[in-house]
Amino acid sequence: MRIQLNGEPFELDDGASIADLIARLDLSGRRLAVELNLEIVPRSQHAATILSDGDRVEVVHAIGGG
Amino acid sequence: MHPVPSDKPFTVAGRTFQSRLLVGTGKYKDFDETRAAIEASGAEIVTVAVRRTNLGQNPGEPNLLDVISPERYTILPNTAGCYDAAEAVRTCRLARELLDGHNLVKLEVLADQKTLFPNVIETLKAAEVLIKDGFDVMVYTSDDPIIARELAQMGCAAVMPLAGLIGTGLGICNPYNLRIILEESTVPVLVDAGVGTASDATIAMELGCEAVLMNSAIAHAQHPVMMAQAMKYAIEAGRLAYLAGRMPKKLYASASSPLDGMIR
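Top to bottom, those sequences are chains H and E. For reference, each letter of the first sequence is one residue, going 1 to 66 in the UniProt record's numbering. For reference, each letter of the second sequence is one residue, going 1 to 264 in the UniProt record's numbering.
Among the hints, erroneous ones may be present.
Facing chain E, from chain H, some residues (calculated, C-beta under 7 Å) [what the hints assert, rightly or not]:
#1 Leu25
#2 Ser28
#3 Val57
Restraint ranges, calculated between C-beta atoms of paired labels, are given here [what the hints assert, rightly or not]:
#4 E/Val129 x H/Ala23: 30 to 38 Å
#5 E/Tyr233 x H/Glu8: 54 to 62 Å
#6 E/Tyr233 x H/Gly54: 54 to 62 Å
Simulated from the structure, these hints should not be mistaken for laboratory data. What you are looking at is a predicted structure, and each value in this text was computed from that prediction instead of being measured. Think of the CB as a built atom: it goes at the ideal place given N, C-alpha and C, for glycine as much as any other residue.
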């Protein structure tokens, strides 16, 4: 399936969860937040949330700012 | 000796702090400089921005929150770069998830890239949604006393008027508006933006601000760590001067040395 990840197309195996996506990105255990189709997905639900073709996913973190 | 009156800690949204200096984490050369400057500033509240993670690029690189840890500092995520209420609300919700439910945010909705002036109409809309959603909102705004009053009445945890445009270092451009905002404030008022050097921070505190938030004045100094320390003292000096109460200004001289016993 193909999702939109941080605004870019991204290929992922069918049935992958958000936890799978984060592992695939080598970001497991990092301080980040995930939004799926404009809704926050709490960390506790990453493993149980299965992605679908066309989903829009945002993965964000903290950077320097004032 | 007269006893020195003691100060209360700075309180915002039910949280108390010893330091009245809040600092940003942007514009530093690297994380080492960020860490050293923030330590030198003595700040306990530190702002961060929320951005898309760079994917596939150096997944092992350190994360800002590993350097400025939420266990040690109160992290104040901002909505910098947001130009409408919906974007700002979305950013705050992501920040709350990022910080495990931490609900203190700095709301800023900008109007224009050249001035980075706040869009107060969108700011009011966003503040309303965020407060309903359980956020403690510290809000960046213009130095318009009527908007500041409205934001406070709405339930914002702190009102943070600009003293000058973001990143300009022009100092306290309109102390009279700040005085009006301070006179009628029902929530803590902080100067956010415009401070360029230590004396600006002192003036903000002498006016009666509860605290000052700054980033560029430290990060863009020739020696950021030294300036961070200067700001720490400037804030303390301004606060003490405010509590001490300055002497009235007079047009004509008044001798400090007694005239009695002069050698004639």
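Hints, one by one, checked against the model:
1. Taking 7 Å as the C-beta cut-off, the interface hint given for H/Leu25 holds, the closest approach to chain E being about 6 Å.
2. Look at H/Ser28: its Cβ only gets to about 10 Å from chain E, farther than 7 Å, so that hint breaks.
3. Against a cut-off of 7 Å between C-beta atoms, the interface hint on H/Val57 is violated, since the closest Cβ of chain E lies about 11 Å away.
4. Against the hinted window of 30 to 38 Å, the Cβ-Cβ separation of E/Val129 and H/Ala23 comes to about 34 Å, which satisfies the hint.
5. A beta carbon spacing of about 47 Å between E/Tyr233 and H/Glu8 contradicts the range 54 to 62 Å that was offered as a hint.
6. For E/Tyr233 and H/Gly54, the hinted distance range of 54 to 62 Å is satisfied, since their beta carbons lie about 56 Å from each other.
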